[in-house]
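J.: The chain contents come next:
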Amino acid sequence: MDPAAASLNATPEPTTANASHQTPQAFGDFYREHYQAIAGLIYRRTGDIHVTEDLTADAFLAAYKSMDDYRGQVPPIVWLRRIANNRVNRWVRREIGLRGILRRLPLISAFVPPEANSTQPRSAALAALLRLPIDQQEVLSAHYLEGLSLDEVALMLSISPAAAKSRLARARDALRRELAHQSPESRP
Amino acid sequence: MKKHDSHTDPSAATDPVDTALSALAAPRWSKEPDWRSFQERLMSTRSFGWKKLGVLALLASGCFAAGAAGGVAWERFTFTGVFHAANGQSVNVQGGAVRTDDGRLEMHLNSDGKIDVSGGGTMDITTPNGGKAKLITKPLDLSESKEVTLPDGRKVRVPKEFTDEQIKKIQVSPNHKGI
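Chains as they are written, first to last, in the numbering used here: chain Y, 1 to 188; chain F, 1 to 179.
Treat the hints as calculated values from the structure; they're not laboratory data. Remember, predicted model here, so these are calculated numbers, not experimental data. Incorrect hints may appear among the rest.
[Said to hold, decoys possible] Below are the DSS-like pairs computed for lysine-lysine, each with C-alpha atoms no more than 25 Å apart in a straight line:
id : chain 1 : residue 1 : chain 2 : residue 2
1  : Y       : Lys65     : F       : Lys160
2  : F       : Lys114    : F       : Lys168
3  : F       : Lys114    : Y       : Lys65
4  : F       : Lys168    : F       : Lys155
5  : F       : Lys168    : F       : Lys134
6  : F       : Lys132    : F       : Lys146
[As the list claims (entries may be wrong)] Some, not all, of what chain Y presents toward chain F, calculated at C-beta under 8 Å:
id : residue
7  : Pro121
8  : Leu129
9  : Arg131
10 : Leu132
11 : Ile134
12 : Arg170
[To be verified] Every beta carbon over 12 Å from chain F, so not counted as near; a handful from chain Y, in silico:
id : residue
13 : Arg44
14 : Ile77
15 : Arg90
16 : Leu126
17 : Leu155
18 : Ala163
Note that beta-carbon positions come from the ideal geometry of N, C-alpha and C, so glycine has one too.
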């Protein structure tokens, strides 16, 4: 083999409608631009700083790996939220399970502002939220925790706005039942 | 959290559902993006091809130091390894790589033999700190390279765009006879 100096340039070529996110430099910008939103989304649903860091990295890694499949059908942030949402759903279903979640809840106190009485309401609310079916968790999270409109929620979940609205109503009812179930007054 | 039309009812303030949702929406993630950690995660993914390696090297963007996941510091590293040419030939190699200002990974190789690399191939490398990687090289287009004569008289082939200054910096193993 020649002892040549091999100059190797492997920049990927943009291939999709949203090519700007397919160059390494652009993906770095993309990561920085959306990191807070995605980490916030995950943190508000999991309540665990370490899980949040892991899942956020997973979500961006998945986005990075599937860049070639992204065709710009939805805005990049929506696409990214879908990925993050799926990661959280998977975490809830497979890795933690209800018992694990309940065991972890005391950890939440370490990650919320230390103001008096701020921990308990959030812990109780998160426990109630995590007991709901996944589809109800994600619709509540998207609308109330992330502040998305019904149209945006529908786009993110790939459902119609009407379906989003009715799912949201069912989720609120379910959350109300869960909160009532865990309130001291409801205990014998 | 945005205000929602469905909650303009004054009684909503005391609704336990809204109270719970407000509590859930309150936390804000204030940590800065950990770009370096993310890069390390990318680096640790297995079975990447040459194209992806190039991407990763570019992602390193000047702040990546030794000790990255996978053990290879993509910013600058030396290595030993084996090059497996597409035609089935193999040769031991040693060399170094450095990322250039324009984002390319510039690699210098010495080998203990001569094989035809025009069809490309793969190269299994190990860095001094134990890092391992597999590089997949594209077929080389000889029309994109040129033959030059080193000061000691030996001839080597380099990329066509190499300047005299770059050629002067080429370090060729004294054991190599040139082409």
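J.: Taking the earlier hints as the rules, which of them does this structure contradict?
T.: Failing hints, ascending: 1, 3, 5, 6, 9, 10, 11, 12, 13, 16.
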